[in-house]
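*Asks:* Use the sequences and the hints to build the structure in full.
Protein chains in written order, with this note's numbering: chain L, 3 to 261; chain R, 3 to 261; chain H, 3 to 261; chain D, 3 to 261.
Hints were generated in silico from the structure; no laboratory data involved. Don't take each hint at face value.
As the list makes no split between identical chains, a pair holds if one copy fits it or if it spans any two.
Unchecked claim - Derived lysine-lysine pairs resembling DSS-like cross-links, with alpha carbons at most 30 Å apart:
#	residue 1	residue 2
1	K51	K6
2	K141	K33
3	K153	K141
4	K161	K131
5	K51	K161
6	K161	K45
7	K6	K45
8	K153	K33
9	K8	K153
Just so it is clear, the structure is predicted and the values come from calculations on it, not from any experiment.
There are 4 protein chains.
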Amino acid sequence: MTRKLKSDMAWSTADRIMVRGHDLAEDLLGKVSLGDIAFLELKGRLPSKQESTVFNAITVTLVEHGMTPSAIAARLTYFGAPESLQGAVAAGLLGIGDRFGGSAEDAARMLQEGLTEAGPQADLAALAKQIVSSHQESKRVIAGLGHPVHKRVDPRTVKLFALAAENGLSGRYVELMQLVGQEASRSFGRELPVNATGAIGAIASELEIPWRVCRGLAVMARAIGLVAHIQEEMDEPLAAEIWARIEEESSSHNRPSTD
Amino acid sequence: MTRKLKSDMAWSTADRIMVRGHDLAEDLLGKVSLGDIAFLELKGRLPSKQESTVFNAITVTLVEHGMTPSAIAARLTYFGAPESLQGAVAAGLLGIGDRFGGSAEDAARMLQEGLTEAGPQADLAALAKQIVSSHQESKRVIAGLGHPVHKRVDPRTVKLFALAAENGLSGRYVELMQLVGQEASRSFGRELPVNATGAIGAIASELEIPWRVCRGLAVMARAIGLVAHIQEEMDEPLAAEIWARIEEESSSHNRPSTD
Amino acid sequence: MTRKLKSDMAWSTADRIMVRGHDLAEDLLGKVSLGDIAFLELKGRLPSKQESTVFNAITVTLVEHGMTPSAIAARLTYFGAPESLQGAVAAGLLGIGDRFGGSAEDAARMLQEGLTEAGPQADLAALAKQIVSSHQESKRVIAGLGHPVHKRVDPRTVKLFALAAENGLSGRYVELMQLVGQEASRSFGRELPVNATGAIGAIASELEIPWRVCRGLAVMARAIGLVAHIQEEMDEPLAAEIWARIEEESSSHNRPSTD
Amino acid sequence: MTRKLKSDMAWSTADRIMVRGHDLAEDLLGKVSLGDIAFLELKGRLPSKQESTVFNAITVTLVEHGMTPSAIAARLTYFGAPESLQGAVAAGLLGIGDRFGGSAEDAARMLQEGLTEAGPQADLAALAKQIVSSHQESKRVIAGLGHPVHKRVDPRTVKLFALAAENGLSGRYVELMQLVGQEASRSFGRELPVNATGAIGAIASELEIPWRVCRGLAVMARAIGLVAHIQEEMDEPLAAEIWARIEEESSSHNRPSTD
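*Replies:* Here it is, written out as structure tokens:
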């Protein structure tokens, strides 16, 4: 009746620790970087030099976005629970959902499902047109396009796509993403360049990372950034000031005037 | 009355994104690995080649420990909330507290406070004796020593200390940690070798990472491992089986027999 | 350019605290129960005696479901981070997502959107038929029906619907939910009685609680249950045993045999 | 070798659900309020009428404190992850740590450990003096005293202590807490009235709730308040405005001026 529990992530004996089939102390420590271990964890094998460069680049892009809602939430949480750094980081990660991490996931899904359905011989330009028009009809936003600050071009996209090309990892997913951006700009009559999450969704697809896991790339990378935000908060705390201002302003219309 | 809010983590304009003072697209992407960005985030500068090797090694050690309570919690959470991968990772990270992540933090604290109080001329052997006896008197466990599986020697410690030495990063913190291990083994009359968290606490101290942030090293690294566990759970789910067994067994003494 | 921040949840002065427009010390403490405050928080007014009975009943239903994935995750988290009871409860709540809390939300949404679109004169039997057939066609599960253990009838549903009727709160939402259950049983050719989450979704709709908040009823109620599970875990810990068993079994196929 | 897993929280069969030994549908729904179920969950028995009044009062006190760091964090999290209301509530609860929920816990611990060590015949005035002076010597803050807004008297304390007295639940814990407040005011030469968390810690002790669980009272109550804050945020969102202001101000010193 019961099903055997099985996992292949890691195991150990008295004298060694195996991670994804590799001896941690003998074969990984001192030889393999944190980013490459992340690749190993997700793919079950170490990356080639080219894959390493590109995979590290997309995760590096996701580490630090400054004073985001997620970073602010982490700092406010640390203020209330300084005993639990892990709780502050967890609170921050909880905001990497549909609006933020979901964007790379949605782009990857659009590309992966699009190319799977269209098949290996698909005409990418036609497929891009079809993707844009189906989004237009159902009034859905196309993931991975446009940016409120980097309106004309997202400098991260340019660099990430260049790195993918230099390393032989710019294939049909990247091409389709770029065509979707061009087609959308035409159809909507305004610049809709591929943004960083669009580039990441496309390149993760080239690396054969399933779209369901793509938001996880943002989650793992942002965990690093959030630890660093907590460290800055320890040294120069902002939470009390943020709290005081927001509480005062948001309740002032209810509070009796004091004169 | 109000205090100016200030952060130096990142900022951006229409055409560039700066992370810790570096141009992300120009100077970091394709040039700097994820582990080195973690170093940059925490230290405000990029690592030397030696620092990079050693810092990557200590974080790599923390990524994947197999089917820990934290990984099981993440999988159970994903089962209930498959819409929120970030929630499953957050749930897993919440278990990286005093018992797990806290151990590297406690070791680093013991070393950093010990050496600060004793001063630059301190006799390390005498300091180690004093640390062990004060823990013995107050019946506190000494962080960073002993392991239920790696009883005689922790293979990660051997490798991490060797890497620190090869890279010129084995100084007084590492020496003190080793002396504490030797002294404790003598005093308690059983083998208490420095374990992986003791080695990490010591080496993080060599890298001048404040002890308060050391549990964050475990948190950021484990986020990577937890994303990979969720991916395995997507492909070969264990949560339903774990739930069924535990629920059945834990309530069977209350349930009326059915014959 | 900036928008004024405004909230009406609570405010205070040196000598009083106002919660949702009521003086906490004068008008609420000793007079109003926890469940009624939950109603006040969500609805902006205190409940009538009838509303109180019914609202307390639906939230009470959601407090304690035994050794769920959520409860197990909370206990495993507490094991790793005993300094942070709040972290263990948060980990448990993170599993109250689409699969568990989402079910009451989905039922409420189906009823609220169904009745809004159909209008006040709608023929409920026809609407139920339409709801069931549209789910059948698109192969979606109908929320709020069927239960793996309470196969024939869910005793909570019987009681909750009886309480709603006795208290004048059984209107068109409850009727529609029941009709959907009958129609689905007919269409699918097997018993699909309204389960507890279906009843809660329907009654919450009678209380004019928006469907988007319905999963929040499960979240707030389960927080109570999770604190109690942590208390039991403090007294009779299960986490270490659960961990040991799962780790051993799930990695045994990889571990070299020891004879 | 293995230990039997056992829990007494709940169990069910095809036709009934038992919660802490009570038949949920028959004996609890419609008869027992949410607050009384919380008492049942923690104590294993239903409260008397007096206990119910007092227990509901202390939990009601903890539900809603306005725009706290915890509420702001929950709103910011919801902004990033609107698919996961549970994640937003969890993020908010993670801030109910040492600084907030910990305060009732610390007060209860001080009282429970103080009275246990001093024994049933203890002179409470002498014990209060000893508690205050030991805190003074070790420069530790005394939990449960003083308030930045309710400086002279905390209106919640007055009411909670009155309710405890009226209901026969004002014993040696409440007396000791009050004596500690008087003694501290004398010793420190300024008004240090018992605040709400001091009153809650004392009354929870009268109800024989272990101090380790007292922060859980805040966690369960605040979960209710946080769901209501998310509901307000759905209707009148503040998160985007808060984010925009904080990001702009905190990075303006780094950003090049635009003229």
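*Asks:* It remains to establish, for every hint, whether it holds in the given structure.
*Replies:* Status of the hints after comparison with the structure:
1. K51 - K6: neither (37 Å within a copy, 45 Å between copies)
2. K141 - K33: neither (49 Å within a copy, 40 Å between copies)
3. K153 - K141: Within. Shortest intra-copy distance 21 Å satisfies the 30 Å Cα cut-off; inter-copy 41 Å does not.
4. K161 - K131: Result: close within a single copy only, 25 Å intra versus 55 Å inter.
5. K51 - K161: For K51 and K161, the Cα distance is within 30 Å both inside one copy (18 Å) and across copies (24 Å).
6. K161 - K45: both (24 Å within a copy, 25 Å between copies)
7. K6 - K45: within (23 Å within a copy, 38 Å between copies)
8. K153 - K33: Result: close only across copies, 25 Å inter versus 41 Å intra.
9. K8 - K153: between (48 Å within a copy, 26 Å between copies)
Hint compliance for this structure: hints 1 and 2 are not met, and every other hint is.
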